[in-house]
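Trainee: Fit chain X with the ligands to the known structure of chain E by using the hints.
Spelled out from the first residue to the last, the chains are:
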Amino acid sequence: MKILVAVKRVVDYNVKVRAKADGSGVETANVKMSMNPFDEIAIEEAVRLQEAGKAKEIVAVSLGVAACQDTIRTALAMGADRGILVETDAELQPLAVAKLLKVVVEKEQPDLIILGKQAIDDDANQTGQMLAALLGWSQGTFASKVEIGDGAINVTREVDGGLETVAIKLPAVVTSDLRLNEPRFVKLPNIMKAKKKPLAVLKPAELGVDIAPRLITLKVQEPPKRQAGIKVDTVAILVDKLRNEAHVI
Amino acid sequence: MSILVIAEHDNAVLKAATLNTITAASQLGGDIAILVAGHQCGAVAQAAAQVVGVKKVLVADAPHYANQLAENVAALVVSLAGGYSHILAPATAAGKNTLPRVAALLDVAQVSDVIKIDSVNTFVRPIYAGNVLATVQSQDSVKVMTVRGTAFPAAATTGSPASIEAVAPVADAGLSSFVGQQLTQSDRPELTAARIIISGGRGMGNGDNFKLLEDVADKLSAAVGASRAAVDAGFVPNDYQVGQTGKVVAPDLYIAVGISGAIQHLAGMKDSKVIVAINKDEEAPIFQVADYGLVADLFVAVPELSRELDQLKAAG
Ligand SMILES: Cc1cc2nc3c(=O)[nH]c(=O)nc-3n(C[C@H](O)[C@H](O)[C@H](O)COP(=O)(O)OP(=O)(O)OC[C@H]3O[C@@H](n4cnc5c(N)ncnc54)[C@H](O)[C@@H]3O)c2cc1C
Ligand SMILES: Cc1cc2nc3c(=O)[nH]c(=O)nc-3n(C[C@H](O)[C@H](O)[C@H](O)COP(=O)(O)OP(=O)(O)OC[C@H]3O[C@@H](n4cnc5c(N)ncnc54)[C@H](O)[C@@H]3O)c2cc1C
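Residue numbers (this note's numbering), protein chains in the order written: chain E, 1 to 249; chain X, 250 to 565.
Bound conformation, chain E alone (with noise of 0.2 Å):
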């Protein structure tokens, strides 16, 4: 089986994130980039099933600037085999991302591709369900199990009730979750490996797709600050507060 695994580059997770004093956009210049952290967990499954022996190759995928490539560099550390950047400047956003994709993928031909149920900067939980709505293939979202059987996986999917498990044929995109598994720490020498593995570079205009953005974004600012209260000295203060004062209890 080949296995296909879109990575993206984000902000890190620990940065808190300021909007420009001109509202155009959030502050990004100088702040720690990262791979997003379930595209993390979509590469650690991809590899784990490596190692069962169940897949044979891994692709990691990453659309956007050049410096995506450190992320795609990444990807290949921790097991990855080899590496697809489409590059440019340009906003993407998740339909465009999944329509570029889309192309990677016929000419890939991968039979499971798995990408991170949400990116952390926007936030927008789409891409993978956009990907197998355009190759017309099933999906298994916001995965914590991921078990392969003959022509179908069986993805236990983490739902607002709880768990939900479906059965999916192949190919299929899958989307991870946070409990699907935990990523390896990179080691020193496979961060070197990698520099080696190949990582080929495309345009979006040698793919021909159209990647104009859909929606503007016409500002961004920050929510209104929660001021901080009081500290309270007892339990019995809390109580009365909320009580007498706040009138929630």
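These aren't lab readings, by the way, just hints derived from the structure by calculation.
One thing to keep in mind: the hints can contain errors.
What the hints assert, rightly or not - When the alpha-carbon atoms are kept at most 16 Å apart in a straight line, the in silico EDC-like pairs for lysine to aspartate or glutamate are as follows:
id, chain 1, residue 1, chain 2, residue 2
1, X, LYS522, E, GLU245
2, E, LYS16, E, GLU27
3, E, LYS2, E, ASP111
4, E, LYS231, X, GLU531
5, X, LYS519, E, GLU222
6, E, LYS145, X, GLU531
7, X, LYS468, X, ASP436
8, E, LYS102, E, ASP22
9, X, LYS562, E, ASP111
As the list claims (entries may be wrong) - Here are the simulated distance ranges between beta carbons:
id, chain 1, residue 1, chain 2, residue 2, range
10, E, GLU222, X, ASP464, 30 to 40 Å
11, E, LYS225, X, ALA403, 25 to 35 Å
12, X, ASP436, E, ALA246, 23 to 33 Å
13, X, GLN289, E, LYS231, 51 to 61 Å
14, X, VAL428, E, ASP89, 36 to 46 Å
15, X, SER251, E, ALA246, 54 to 64 Å
16, X, ALA417, E, LYS16, 43 to 53 Å
17, E, PRO224, X, ARG444, 45 to 55 Å
18, X, SER368, E, ALA90, 21 to 31 Å
19, E, GLY149, X, VAL369, 41 to 51 Å
20, E, MET33, X, ALA405, 38 to 48 Å
21, X, ALA403, E, LYS32, 35 to 45 Å
22, X, ARG444, E, PRO189, 48 to 58 Å
Here a beta-carbon is modelled for each residue, glycine too, at the ideal position from N, C-alpha and C.
Mentor: For chain X with the ligands alone, coordinates are given in the frame of chain E:
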């Protein structure tokens, strides 16, 4: 203008999140139709017909809609989409699973997690774990969007009944099938609908200690939630998780116990009306958003809270 809202239900009960979505639809203006796709879901259609603002209920009843498989529901929505200017679903696990598929098949963008409607094509949505709000304008002919329930009040269910129409199912795509589910059983209110929530974090130490919170929850008719750390550690099931990548809640009262207040957790609860934090570390970031902070060991404070609530009750 006409709007199609996708109902969230389990074939028996119309889920509350649908009511919030209908309020958002009403703010757009125009006729609202609601789609109930399910199997033997007549009771849901009846309930949907009572919601104030709903003009028409469309029912697609077929075995392959019983479990809301995205492949089948999306194909159905697309078959009905002609003529609608907006297609809305709650930003729940089910809505997030299906709606992007609908958008892609219609070749339009999806606007995720809408929290405010500025006009028929301009919406506000949180990004970066809610640290920033983006105002976006859709250029598409059909606006496909998921709606964050906490941002809109529930529509009333006291309307004069709307008409109910059966619609033809689309053939089973045969791509996926339902195997089973493990739903958390609880007599307490659902997290996203509760008026009071008490949540525990890593500080709880183990799953057994959540009994302390359940005891308080029962006295307050509250729901019990958790941080990701508590869920990852296996203290409680995944559906307890509040936060950027869990559930977003905005109750009247949110009590955070043994939770440090990471931005990913705050993203899920910082719009609560009143926040209480109980944490032994006075530097914990949760205190920066708490209306009432108590620096204390939770194993002392929570049982005491329980006793105080008993006294309140006894005093009437
Ligand atoms: C220079 C630039 C400026 C931008 N400015 C804005 C802006 O002002 N406002 C705005 O709304 N958006 C902006 N974007 C786009 C935004 O950052 C997101 O890339 C886009 O909206 C996709 O949303 P998402 O990643 O949340 O999708 P999701 O659907 O949440 O992503 C889910 C999964 O899809 C995969 N995936 C998604 N994108 C990629 C990718 N590029 N490469 C590889 N895998 C991917 C990953 O596996 C990810 O986990 C900009 C992008 C660029 C490059
Ligand atoms: C991609 C991604 C998504 C995430 N999504 C979410 C999400 O949706 N929701 C979420 O919650 N987190 C999420 N996280 C995790 C988040 O970053 C934090 O790691 C997590 O919220 C920490 O949980 P905690 O506060 O319970 O644990 P900790 O940060 O370990 O805090 C425990 C607290 O308990 C206190 N404590 C310990 N013992 C006691 C005692 N006896 N009495 C009183 N206080 C005590 C400590 O002082 C401490 O403040 C996400 C992270 C990533 C990378």
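Trainee: Decide, hint by hint, whether the structure agrees.
Mentor: Results of checking the hints against the structure:
no.	hint	in the structure
1	X:LYS522 / E:GLU245	13 Å, holds
2	E:LYS16 / E:GLU27	10 Å, holds
3	E:LYS2 / E:ASP111	5 Å, holds
4	E:LYS231 / X:GLU531	9 Å, holds
5	X:LYS519 / E:GLU222	13 Å, holds
6	E:LYS145 / X:GLU531	38 Å, violated
7	X:LYS468 / X:ASP436	13 Å, holds
8	E:LYS102 / E:ASP22	36 Å, violated
9	X:LYS562 / E:ASP111	61 Å, violated
10	E:GLU222 / X:ASP464: 30 to 40 Å	38 Å, holds
11	E:LYS225 / X:ALA403: 25 to 35 Å	28 Å, holds
12	X:ASP436 / E:ALA246: 23 to 33 Å	26 Å, holds
13	X:GLN289 / E:LYS231: 51 to 61 Å	54 Å, holds
14	X:VAL428 / E:ASP89: 36 to 46 Å	44 Å, holds
15	X:SER251 / E:ALA246: 54 to 64 Å	42 Å, violated
16	X:ALA417 / E:LYS16: 43 to 53 Å	51 Å, holds
17	E:PRO224 / X:ARG444: 45 to 55 Å	23 Å, violated
18	X:SER368 / E:ALA90: 21 to 31 Å	26 Å, holds
19	E:GLY149 / X:VAL369: 41 to 51 Å	46 Å, holds
20	E:MET33 / X:ALA405: 38 to 48 Å	47 Å, holds
21	X:ALA403 / E:LYS32: 35 to 45 Å	41 Å, holds
22	X:ARG444 / E:PRO189: 48 to 58 Å	55 Å, holds
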